[in-house]
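Trainee: Okay, so the sequence shown: first residue is 1 according to the numbering used here, each after it adds one.
It is worth saying that the hints were derived from the structure and are not from the lab.
Please note that a few of the clues may not be correct.
[Claimed, not checked] Mimicking DSSO-like on lysine-lysine, the simulated pairs with C-alpha atoms at most 27 angstroms apart in a straight line are:
#: 1; residue 1: Lys35; residue 2: Lys72
#: 2; residue 1: Lys72; residue 2: Lys61
#: 3; residue 1: Lys61; residue 2: Lys35
#: 4; residue 1: Lys35; residue 2: Lys63
#: 5; residue 1: Lys65; residue 2: Lys35
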Amino acid sequence: MNMPTSEGKNGIQWTARMYLDDLDFADDLALLSHKQQQQIQEKTTSVAAAALSALGLNIYKRKSKILRYITKCTNRITLTGEALEDV
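Go ahead and model the full structure; you've got the sequences and the hints to work with.
Mentor: Below, the structure is given as structure tokens:
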């Protein structure tokens, strides 16, 4: 799913000119962000909206997890008003 997450330099710098925004698996999508919490919130909202409008898919909130690595941010990532679980 390229469109919702490929909006510029919002991922992890992969090479000098390339950023890795997400990892696509068989039926899963891992969103990546090196910067602030707001960026991953925007990506989550964008992907959910694109999946619903383009494909008619809903994201199963109970299976969606947030993994933070060395971060000070304690704000919860939400999807349609529900906080996603931090692991």
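Trainee: Next, verify each hint and record whether it holds.
Mentor: Hints, one by one, checked against the model:
As the CA atoms of Lys35 and Lys72 are separated by approximately 11 angstroms, the hinted pair is consistent with the 27 angstroms bound. For the hint pairing Lys72 with Lys61, the CA-to-CA distance comes to about 24 angstroms; that is within 27 angstroms, so the pair holds. A distance of roughly 23 angstroms separates the Cα atoms of Lys61 and Lys35; the hinted pair therefore holds under the 27 angstroms criterion. Of the pairs offered as hints, the one joining Lys35 and Lys63 holds, with about 24 angstroms between alpha carbons and a cut-off of 27 angstroms not exceeded.
Of the supplied pair hints, the one linking Lys65 and Lys35 holds, its CA atoms being roughly 18 angstroms apart against a limit of 27 angstroms.
In this structure, none of the earlier numbered hints is contradicted; all agree with it.
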